[in-house]
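*Asks:* For the protein sequence lines, the chains are A and B, in the order given.
So the first sequence is numbered by this note's numbering: it starts at 1 and just counts up by one.
So the second sequence is numbered by this note's numbering: it starts at 1 and just counts up by one.
Hints in this document: simulated from the structure, not taken from any laboratory.
Don't take every hint at face value.
Listed below are several chain B residues computed to face chain A (Cβ distance under 7 Å; list not exhaustive) [as the list claims (entries may be wrong)]: (1) Tyr349; (2) Met363; (3) Gln368; (4) Asp374; (5) Gly385; (6) Leu387.
Listed next, the in silico DSS-like pairs over lysine-lysine satisfying Cα-Cα at most 27 Å (straight line) [claimed, not checked]: (7) A:Lys57 / A:Lys31; (8) B:Lys56 / A:Lys346; (9) B:Lys336 / B:Lys51; (10) A:Lys63 / B:Lys51; (11) A:Lys425 / B:Lys336; (12) B:Lys345 / A:Lys425; (13) A:Lys380 / B:Lys353; (14) B:Lys336 / A:Lys69; (15) A:Lys399 / A:Lys470; (16) A:Lys45 / A:Lys167; (17) B:Lys56 / A:Lys321; (18) A:Lys63 / A:Lys45; (19) A:Lys69 / B:Lys56; (20) B:Lys353 / A:Lys352; (21) B:Lys345 / A:Lys346; (22) B:Lys437 / A:Lys69; (23) B:Lys51 / A:Lys346; (24) B:Lys437 / A:Lys346; (25) A:Lys425 / A:Lys277; (26) A:Lys470 / A:Lys280; (27) B:Lys170 / A:Lys380; (28) A:Lys399 / A:Lys321; (29) A:Lys425 / B:Lys377; (30) B:Lys336 / B:Lys353; (31) A:Lys355 / B:Lys353; (32) A:Lys321 / A:Lys280; (33) A:Lys346 / A:Lys321; (34) A:Lys399 / B:Lys56; (35) B:Lys51 / A:Lys380; (36) B:Lys377 / A:Lys454; (37) B:Lys377 / A:Lys399; (38) A:Lys63 / A:Lys167; (39) B:Lys345 / A:Lys399; (40) A:Lys355 / B:Lys56.
From a predicted model like this one, the values you see are computed outputs, not experimental measurements.
Backbone N, C-alpha and C fix where the C-beta goes; we use that ideal spot for every residue, glycine too.
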Amino acid sequence: MSEDLKILDEVTNSEYKWGFVSNIESDNAPKGLNEDIVRFISTKKNEPEWLLEWRLKAFRHWKTMTEPKWPNVSYPEIDFQDIIYYSAPKKKVSLNSLDELDPEIKATFDKLGISLEEQKRLAGVAVDAVIDSVSVKTTFRETLAELGIIFSSFSEAVHEHPELIKKYLGSVVPYTDNFYAALNSAVFSDGSFCYIPKGVRCPMELSTYFRINSAGTGQFERTLIIADEGATVSYLEGCTAPMRDENQLHAAVVEIVSHSDANVKYSTVQNWYPGDKDGKGGIYNFVTKRGICLGDRAKISWTQVETGSAITWKYPSVILKGNYSSGEFYSVAVTNNMQQADTGTKMIHIGKNTKSIIVSKGISCGRSQNSYRGLVRIGKNADHARNFSQCDSLLIGDKCGAHTFPYLEVANKSARVEHEATTSKVGEDQIFYCNQRGISTEDAVNLIVNGYCKEVFNQLPMEFAVEAQKLLAISLEGSVG
Amino acid sequence: MPTLTTHTLAVASFLQDAETFAGREDQNSPYAGLREKAKEAFSVMGIPGRKQEEWKYLDLSPIANTEFRNAGAAFDFVLGPSDAESYRLAGKEALLLVLENGKLNTHASPMERIPAGIRIGTLSTLGHEALVTEHLFRHAAVEGEPFVAMNTMLSHDPLILLVEPKAEIKTPIQLAFVAVAGADPLAVTARVLVVAGEGSECTVMESYHTYGEGAPSFTNAVTEVVISASARLHYTKVQVESGQAQHISYHKVNMARDSYQHLTTLTLGGALVRNNLHIRLDDQHINAYLNGLYVMNGSQVVDNHTLVDHAMPNCHSNELYKGIINDRAQGVFNGKIWVRQDAQKTNAYQSNKNLLLSNEASMNTKPQLEIFADDVKCSHGATTGQLDDEALFYLRARGIGEANARTLLNHAFAADVIEQVENDDIQQSLMHLLDTKLN
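Just chain A, same shape as in the assembly (with noise of 0.2 Å):
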């Protein structure tokens, strides 16, 4: 075997770093669904009856609705009637301070590697973290509540700002969107709300952990980020779940709302556990993210960091509804062994003077699938519309496949739409060169593939950026052109 092909191997060996499981005793409803069980769901959280009347109407269409097809994976079939569809952990109490957290809750973030205090004391960042479904704790939610910044749980949200959830819930992603759109609006448990009152600028980066921990529930999160004219926030999202034999679904929802001049930027890392090196387990992420600019000059900016799950399936998407509004899609997507990842954005301009960017790099190894499946609209009214795409991708080893899959439509004439694509590999003469200068070979696929990101990884904030970069070189560990 030669030297490459062992490193290859090595790679494949690399164990998932975050598996473990956490013994909260949960509160699980009972496997299936069925209109009993949104009820129950809804109940669980105390919910008013217009909340459940949604939630029943979108369970009527998910009934009708058959899943998608057309991505590029392959699974197995998914049982919803196996799935248990509700999981809060039992020790619920409401906290004051960090102190009173479940000592397992804590010991749970302490090995994600985000413990709270330290956050808290040193990175300024507040965090909502979220286990199964239930937010347990919102820190520096005072600070934020003098600028009269919303940050909470969703279930909190509902009744502390009917009023704004009444009104933005499936503005930008209705039941009737998608399969999936419409299971999570019939179920979903919880997930975070935000909302930046107009000319504010949130002074700290607003993040969520999710974590999923019981075995065989799916977490159905829901976020509404709302942005009032002229308001600036930064909201980060990071995952990892515990290693588990059975593929675990997870279908959230992302709603964002940019209203004139004010500017969403969303950064998520995506590690869950993206199943054993023959392709067992792991988590489907089949997650729909949408954002609009309903303003005019608004803006909204995605980076992601995608290497875990099994499967990936997800489109952060802008409408650029507002004359001068802008859309970023920025995406890093790595897959490995049996991963398979079918992700990219849509860029939709309906107003006038719209621009758009895409940048996507991917990264297959192993025997992974990764396609890049892009859509950039130019409406009819969208005069001097501009957008440039550009994906690249990287193979490494050749049992791996990347693939392209963009569709742009024009409708205008002013429009200037770019598009282009690359595929290649780590050169051998630039490993040569690294090797030359004493760099190890694996250390100089490392920089080359870190480089390659550059560009993406320069979008995401700090602390986010170094994970990030962490994570990329777990994921390759070895791996050699």
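We have chain A already, so just place chain B on it with the hints.
*Replies:* Frame of chain A, contents of chain B only:
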């Protein structure tokens, strides 16, 4: 397989025609089974709807909802030798063969001038040749391709070109397909098989025209090309049918070791045009160049689908497609490149550039790469935009009127593709066609 199709007037009448035709054909012929299979496939698939990914941007209802009169084989030729000359595009020296409603018009074609080294005939004269039974109907697969299936079940007497090994044919061969428009909507089935023998070289052009004015015609053209080892083939496809014509073509090429091809597809006419190109690089060290140009106005719809299938290592493909879309025209480009797992050291490039000249015009582009090998260099680029204001200003500052300046820039944009055509005579006549269209 789920049927997303609409069984319409057209489908029913085509199946009826196939039934009649099958009754007349010799059931022992080596092709009868293939035709039967095609008929079955077509009756299942019918005419595809827009829910099917491959037909997403093309509305075929004008075809699906028309009851066509199938041109068939039994009719008297209208065109004579003097008519033929008006379709000449491959230069004075070229051998011009006229195919009237898909059938070789021997009266208008100088069959005696066929150059040495090449045999040209039809299924009825060359059908018994081993080369023909080996290749005809066998490369353009009917699975998933309803129009190939339809063509296979209906094509009475395909045209066959056999280039002898090592033959170097200097005379370009032009196949002029002329649809003679009549009172009723007419369906024409055009079928060509080209086998380029080992080490041979040849220049072939297919051109599509309409004769007279009348009801719309629908041409279903399928070409199978086999390029043997070390052979070189220069191929041009020109579509200048009337503004009412519907045209669906499927061009399948199989390339062998060390072979070379340069294929240009020019689409200027027709109301609804779909060009499918499927190039399979079946061995090593192959060079394939695919160029395309579509210039559209009025309410034309032109859809170009290309698939370059790199099955083996060390090959090179280069694809350049350009389009100018004016008025209410709609352009579609879908370019697929597959690089299979064994196809290491592949170089595959693709570029699609479009000019939108009107606010009613639209362009849908989908360049698609599917790569399963790691040591490759592949890239694609796609742009849609308008004329460069600065270039326009530069010309106007030098006293060139705006209309002229625009024409000049449009010409320069499009000429890029035509200039790559290797035969000077062909290049010249294509340039002339382009200018006529742009003015």
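*Asks:* Okay, which hints does this one fail, numbers in order?
*Replies:* Failing hints, ascending: 1, 6, 21, 22, 24, 27, 28, 32 and 34.
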